[in-house]
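On the provided structure of chain S, position chains H and Z as indicated by the hints.
Residue numbers (my numbering), protein chains in the order written: chain S, 568 to 991; chain H, 568 to 991; chain Z, 568 to 991.
Be a bit skeptical, because a hint or two may be false.
Identical copies go unnamed one by one, so any copy, or any two together, can satisfy a pair.
Unchecked claim - Computed list of lysine to aspartate or glutamate pairs in EDC-like fashion (alpha-carbon distance at most 20 Å, straight line):
id: 1; residue 1: Lys972; residue 2: Asp956
id: 2; residue 1: Lys569; residue 2: Glu717
id: 3; residue 1: Lys966; residue 2: Glu955
id: 4; residue 1: Lys966; residue 2: Asp956
id: 5; residue 1: Lys909; residue 2: Glu654
id: 6; residue 1: Lys909; residue 2: Asp973
id: 7; residue 1: Lys706; residue 2: Asp956
id: 8; residue 1: Lys987; residue 2: Asp907
id: 9; residue 1: Lys988; residue 2: Glu619
id: 10; residue 1: Lys909; residue 2: Glu980
id: 11; residue 1: Lys747; residue 2: Glu811
id: 12; residue 1: Lys783; residue 2: Asp755
id: 13; residue 1: Lys987; residue 2: Asp858
id: 14; residue 1: Lys595; residue 2: Asp790
id: 15; residue 1: Lys706; residue 2: Glu724
Since the hints were derived computationally from the structure, they do not count as laboratory data.
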Amino acid sequence: MKALLLAAGRSRRAKPIEDKNFLKFCGKTLIEFQLESLQSAGFQDILIAAGEHNKERIEGVAAQYGATVIQQENLDDGMAGAVLATESHLNDEALFIVSSNDVVEPRAYESVLKASESGADAYLLATQMDSYFPGGYLKVDNGQITDIIEKPGAGNEPSNLVNIVLHFFRKPDTLISALKSSSSNDDDRYEVALDQLMNEQRFEAVAYDGMWQPVKHPWHVLDLMPYFFNKMEASVHPSAEIAESARINGPVRIEEGVKVFDNAVIQGPAYIGKNTVVANNALVRGSIIGDDCVVGYATEVARSFIGDDCWFHSNYVGDTVMGENNSFGAGAVCANLRLDEKEISKSGRNKLGPIFGDNIRVGVNTSIMPGIRVGSNTMVTSGLVVAEDIEPGKFVHGKTELIIKDNRASLDESAREAMKKKLS
Amino acid sequence: MKALLLAAGRSRRAKPIEDKNFLKFCGKTLIEFQLESLQSAGFQDILIAAGEHNKERIEGVAAQYGATVIQQENLDDGMAGAVLATESHLNDEALFIVSSNDVVEPRAYESVLKASESGADAYLLATQMDSYFPGGYLKVDNGQITDIIEKPGAGNEPSNLVNIVLHFFRKPDTLISALKSSSSNDDDRYEVALDQLMNEQRFEAVAYDGMWQPVKHPWHVLDLMPYFFNKMEASVHPSAEIAESARINGPVRIEEGVKVFDNAVIQGPAYIGKNTVVANNALVRGSIIGDDCVVGYATEVARSFIGDDCWFHSNYVGDTVMGENNSFGAGAVCANLRLDEKEISKSGRNKLGPIFGDNIRVGVNTSIMPGIRVGSNTMVTSGLVVAEDIEPGKFVHGKTELIIKDNRASLDESAREAMKKKLS
Amino acid sequence: MKALLLAAGRSRRAKPIEDKNFLKFCGKTLIEFQLESLQSAGFQDILIAAGEHNKERIEGVAAQYGATVIQQENLDDGMAGAVLATESHLNDEALFIVSSNDVVEPRAYESVLKASESGADAYLLATQMDSYFPGGYLKVDNGQITDIIEKPGAGNEPSNLVNIVLHFFRKPDTLISALKSSSSNDDDRYEVALDQLMNEQRFEAVAYDGMWQPVKHPWHVLDLMPYFFNKMEASVHPSAEIAESARINGPVRIEEGVKVFDNAVIQGPAYIGKNTVVANNALVRGSIIGDDCVVGYATEVARSFIGDDCWFHSNYVGDTVMGENNSFGAGAVCANLRLDEKEISKSGRNKLGPIFGDNIRVGVNTSIMPGIRVGSNTMVTSGLVVAEDIEPGKFVHGKTELIIKDNRASLDESAREAMKKKLS
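Only chain S is shown next, with the shape it has when bound in the complex (with noise of 0.2 Å):
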């Protein structure tokens, strides 16, 4: 049996994000997680669809999973695109179909093989909801799946079973043709052939109640950290040099060559990738830091997910997600929270701080705005209050003016001595 892996997408929710493939959880990349979990499930044949923009980080990672890269030439064809780009690849044997939109545990992959072994023609992978959720929705009768209702309103719900893409056809060829004959050329394409292959084929649903998560928003990693820091396991590496006075309290994954000074506390869970250094007072809690990162003095990062190579000196990070090589500078801080405390950015959360994509330098205490996205490659000045998105490639000032003037005020030496005294 093949199994192929959609990792061609461009990831343009998750902006500034670069690829979602290669946001490492606890040391391994999402996409290094998904061709495991289709190894353990069994895989040896695995195709991975990538494209233009990711295929050689991508063929870099296949090979140590043996897996094949195709790439998709149009991705304005989106996941039909996809599979149809894999047709030359693909013969009678069965085919297995994961996103790397849907994250799921492993067990689910072999939930859908093991229900494959009787003898319907589909199997749709679908987890069950107890509240309305924006998806598809499967229509079932007699165990056989009739249609896919997308989005169908709170209340409309023909089930509460939700499509997941972890999809099984008995005969990918047909799953082809249906693909091409479509009619439809917009993004629902493959739902479409998905609908009109039900018509002529017995689909079943393997229902699934592990975790589950989409990785279309930014937000999206965040919430995916509960479960790679609940499967993570505690420990120190023996490189890894801690201060006797620095505190590492719960679960907390600390790796070779890291650095712990005098008075740093981690508060797990929390990660600590390779030869990072979280120096002086510093604070890290339910946070994944990557590899080669400084969490200098008096830094708090909470909640958040960092890439490699990031820098941070006297700063707050709450509830941010950010690329590789980025520097912040004293005092800069990254907002979480609307003075109202209400919801941010349509994310369903009221505590998110903005988003950074790779190679960004922000100035000296300058504010950030909760859910901001910063794009890549871009240079923020000090002192400033971004409270806009920012382009990728942008290099971003204020208007600030000072205005100089002789200094008539004069100080008074005895208010000096006072205070200096009145110090214990």
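Just chains H and Z now, kept in the frame of chain S:
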């Protein structure tokens, strides 16, 4: 004997502090402190003059002390109006009048009561001033007060005795008559009536050398704190969770349900109210913190009075007075010192932070200047400098405008490598 | 033999550092260090050339070393003028000239003295440069210096020997004559006279491979620190009060009366001057802190030179040089890195903070950009970004204007309750 506590004032000069009667010192409100002082001096029949604005709240407290609340209809009538409002509740018993504007030790009450055992008609508590104070000085002739002279000016004091509103009247009906016939319609009607009564009755001064603190301006709250710290019994409630690495130094009272996280320091004298969290690396010193507060990571609260439900996070709060339910974004600073280190807002202090009402939100990296008053129900956005008083119910923002250009700067990876190597 | 210490310069390029002679390294001023070096090399007869601006202060020091201070009237005459000013104090003894612009180890003095025991007319100390340095290169022919070539350019060096102003003249009267007859009226008059003398006399180079640090630009102060740290004897004065939870790591010298509060970290090499307070959670590393300073809560001072009486509070101070009696409001930041991480102010450094004179006040949350010079007696208000040099005696403020509207936002108490519950 009856006692009358004058608590109807609108605390105008204390704005934006909403009602000084309910400022809570080490767990007890000022009005509770005064009612307990009256009770312990033996008063069982207590009247409280309240206004429409605080009657309901005062009734809640009065019930616990068996006190009767009387509403003063027109607050513009001042003290005279308050006393007149109680007329129907008075009988031929003596009347003891206390003002919420004057806070004294319980023994002051006892001194006046004891003095009243001799036969004069009225007694006024008087504190002995070593240097000039802008209050009402008593002119005393052969042990009898013959006049009250308001703010006579330095050098013109008729004695060293300054009037405090702890007044005993053996015949309150004569006071009522004098108030009714008073020629003054102004703020000083009470004093004019006293002057008139002095012509007919024997008034005596009761000298007092204990703590006396007028509570008119917000900084008087800070001035009162040392007294309550001295009275405070240091203790840590058994339910409090104090991290092993946290430091509690000097006289500190920690109430039920408090949590103190790693590396926090509480430097006494200090009071930490119920269920408050003092988070990692925070410093509280010389301060009263209310219930249900969060003193977040890397926050210092120094010599300040903080009401219930206030949240801080990487802030400096020095010499500040604030009400309830306020929240400060990371990096927001309560400045407490002028650049020229001179007196702030005619407070007689060179260290005084801003004063806050209730339900205020302050954005990240915003600076509030010394002595500034921020009214209740106000929001101040991020990155601002607030150097003017803000009325209640305002939304304050700035005129920051970003200039966004293409980023032509490049990063020098070798420089970064070199910096990383230097970290030890 | 006489020694002449040239200390009259106005430190123009070091501005806003007021007088480099009085920069205090680990408790000793530069001029004291040089006078002690002269004394330990055996000099008993020391002249110091001072200017009107620093004569009085230098006389205070000179007295302790039995040195004579001579005032150079016209500082525009440079080194030549300084030497000529001493003419009446010279006799037929040899003259040893040292400049306050060149700091070397005491053994350099001894090397020149020892070399002078052979019979040449003059000796110049010379350091061997491995790579090109923009200084005065010595042309040497058969052991004799025949020329000094200023800044020959890389590849054009006549030797690898660069002139340092530790000069020995066996016949100072010939130097005087040469200076008088020099055709130059410019800055280089001294060098022109030397060139002329070389035609008649035998000049020899004394090679030296020890520490040599020109002190011209402010960052040279930082460059000098490692030498003094190496010489420094680590110790904690018995009168110092160090909290049990404070950490003193590596070579640190702590002087009389110092207080180090809970959770502070001093990471050596570091020097903490008399009566200085290092407050809770502060971090001092690789820095010299003067006497009577306060390194307040949550402040980091890294790789910096701090004069006496400087107060910090929740600041970041990195790679900064400052004089005396400066004070920084909470959240003020000394930025020390460009966003592009490139060289700052032609200093050869990519990490360099701002440079401060004396008696400066900086408001809260103000950011001073890397390499910026802030003159003495200046006040900078709050919340500013200072990206230009500030002349002495200025009052710097901004154009911030608040927009104040009615607050129409409401607070969601349930959101707050939920946040509070999440705190652990």
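Taking the hints in turn, this is what the structure says about them:
1. With identical chains, the CA atoms of Lys972 and Asp956 are at most 20 Å apart between copies only, with a shortest distance of 14 Å across copies and 36 Å within one.
2. In this assembly of identical chains, the alpha carbons of Lys569 and Glu717 never lie at most 20 Å apart, being 28 Å within a copy and 76 Å across copies at closest.
3. In this homomeric assembly, Lys966 and Glu955 come within 20 Å of each other (Cα to Cα) both inside a single copy, at 16 Å, and across copies, at 14 Å.
4. For the identical chains of this complex, Lys966 and Asp956 are neighbours both inside a copy (18 Å) and across copies (18 Å), given an alpha-carbon limit of 20 Å.
5. Proximity of Lys909 and Glu654 under a CA criterion of 20 Å is satisfied in neither setting, with 48 Å inside one chain copy and 51 Å between copies.
6. Taking CA atoms no more than 20 Å apart as the test, Lys909 paired with Asp973 passes between copies only; the shortest distance there is 18 Å, against 46 Å inside one copy.
7. Within a single copy, Lys706 and Asp956 get their C-alpha atoms no closer than 40 Å, and across copies no closer than 62 Å, so neither meets the 20 Å cut-off.
8. Only between protomers do Lys987 and Asp907 lie at most 20 Å apart by alpha-carbon distance; the minimum there is 16 Å, versus 40 Å within a single protomer.
9. In this assembly of identical chains, Lys988 and Glu619 lie within 20 Å of each other by CA distance neither inside one copy nor across copies; the values are 68 Å within and 36 Å between.
10. In the homo-oligomer, the alpha carbons of Lys909 and Glu980 lie at most 20 Å apart only across protomers (10 Å), although the nearest pairing inside one protomer, at 48 Å, exceeds that limit.
11. Proximity of Lys747 to Glu811 under the C-alpha cut-off of 20 Å is found in neither arrangement, the shortest distances being 65 Å within a copy and 67 Å between copies.
12. For a Cα distance limit of 20 Å, the shortest separation of Lys783 from Asp755 inside one copy, 16 Å, qualifies, whereas the shortest one across copies, 70 Å, does not.
13. In this homomeric assembly, Lys987 and Asp858 come within 20 Å of each other (Cα to Cα) only across copies, at 12 Å, whereas the closest approach inside a single copy is 44 Å.
14. In this assembly of identical chains, Lys595 and Asp790 lie within 20 Å of each other by CA distance solely inside one copy; the values are 16 Å within and 43 Å between copies.
15. Proximity of Lys706 to Glu724 under the C-alpha cut-off of 20 Å is restricted to the intra-copy arrangement: shortest distance 8 Å within a copy versus 87 Å between copies.
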